[in-house]
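Once you have looked at the hints, place chain B on chain A.
Keeping their order, the protein sequence lines are chains A and B.
Counted the way our numbering counts, the first sequence spans residues 1 to 155.
Counted the way our numbering counts, the second sequence spans residues 1001 to 1262.
FYI, nobody ran anything at the bench for these hints, they're computed from the structure.
There is no bait here: all hints are sound.
Result set (SDA-like, lysine to any residue): computed pairs, CA atoms no more than 20 Å apart in a straight line:
no., chain 1, residue 1, chain 2, residue 2
1, A, K43, A, N85
2, A, K4, B, N1055
3, B, K1203, A, F23
4, B, K1203, A, S25
5, A, K4, A, L16
6, A, K27, B, V1174
7, A, K72, A, G125
8, A, K27, B, D1196
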Amino acid sequence: MQRKSIDFLVGLFVVLGFVALLFLSLKAGNLSSFQLVGSYTVKASFDNIGGLKIRAPVKSAGVVVGRIADIKFDDQSFQAVVTMNLEQRYHFPKDTSAKILTSGLLGEQYIGLEAGGDTKLLAQGDRIGMTQSAVVLESLISQFLYSKAAEGKAK
Amino acid sequence: MNGLTNSITRLGAVFADMVRNVGQAARFFWRILYRSAAALRRPHLVVEQIHFIGNYSLSIISVSGLFVGFVLGLQAHYILSTYGSDQMVGLFTGLSLLRELGPVVTALLFAGRAGTSITAEIGLMRAGEQLSAMEMMAVDPVTRVVVPRFWAGVIAMPILATIFSAIGIIGGYVVSVQLIGIDEGSFWSLMQAGVDVVDDVLKGVLKSVVFGFAVTFVALFQGYVSKPTPEGVAYATTRTVVHASLAVLALDFILTAMMFSK
Chain A
1 MQRKSIDFLV GLFVVLGFVA LLFLSLKAGN LSSFQLVGSY TVKASFDNIG
51 GLKIRAPVKS AGVVVGRIAD IKFDDQSFQA VVTMNLEQRY HFPKDTSAKI
101 LTSGLLGEQY IGLEAGGDTK LLAQGDRIGM TQSAVVLESL ISQFLYSKAA
151 EGKAK
Chain B
1001 MNGLTNSITR LGAVFADMVR NVGQAARFFW RILYRSAAAL RRPHLVVEQI
1051 HFIGNYSLSI ISVSGLFVGF VLGLQAHYIL STYGSDQMVG LFTGLSLLRE
1101 LGPVVTALLF AGRAGTSITA EIGLMRAGEQ LSAMEMMAVD PVTRVVVPRF
1151 WAGVIAMPIL ATIFSAIGII GGYVVSVQLI GIDEGSFWSL MQAGVDVVDD
1201 VLKGVLKSVV FGFAVTFVAL FQGYVSKPTP EGVAYATTRT VVHASLAVLA
1251 LDFILTAMMF SK
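Okay, chain A solo, but in the shape it has when bound:
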């Protein structure tokens, strides 16, 4: 076989490999425009993060606006510190609140942002002040039983 045609075929082979890799990253994986456009980091502290995981989505009004980058435990305040990357094109006011919500009844947990009314916007490295922890099933049940017991006593 001529050297030129071999080079061409090998080149095609390598290109095919790259196309397959691109297909896998974009269609099968989650290489979204998000990582390519740019993001800013915001922190929030929660009493209990429940089943929140890294790379879980951050949504506002149901639309994904970012991803959770890191979850750490602060042993000074004994709270969980969640670091999230928000997309550069979405701006939130400084008094935005963060809640941990569950998609569906028993689905994966995500952070929901609710915008406040402040004129100043969240910048890189800011902290979200108002947070609401995840709903823990056991505390709900014990709350329910306690209120039922109190009701019974009142009667």
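Below, chain B without anything else, positioned relative to chain A:
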């Protein structure tokens, strides 16, 4: 009494041979790496070998990938529909292919197709005294013959594994969405939500690179040290497939434990 000492001697010889083989293989590996710089001064040799090793394996890899994808789509549907998680077919197919089946099945097929052809070629060169003739001409046979095939195998393996995974996922898509009727949107979106580019796709590629090193090295070594007879070549090709397959599966276990543990 003589028979007993003979048996024990033979037993010792078996283990001593094993150790000697491992040592020989290690020195051969070092020699390949050492000669790589010199060999890569002739890149057209590597390109030619990528053509023989990679391009010619493309048909078996693509067809196998397609059928593995089909089967995964079917099996996933049968199993997941019992739990009402039918939508997860995409995620199931994607993760199994990217993390495990892509690299491992490609490596096993590669060992069978490209590995045996490399072993047979080098074994026949040894049997036809071509390697000795090269040494007589002061051309190092390792640099000229072995090293280009080694790097061609290392380059071709990850490309083949990626193509296998991609075609497999397409195969799974065809079976689940077109034939069975799963919702196309949920197929892709659940897969995208669960497959991470760095954690899953790139780790699968890393696995296939390691397998490429292992399979190509085993094939080259068995060819190089084969007995210069037709039976020698035949034994060498069998040993290539067996050793390479076992090495791939053992390495897969080690790599999975290292890479995917929490």
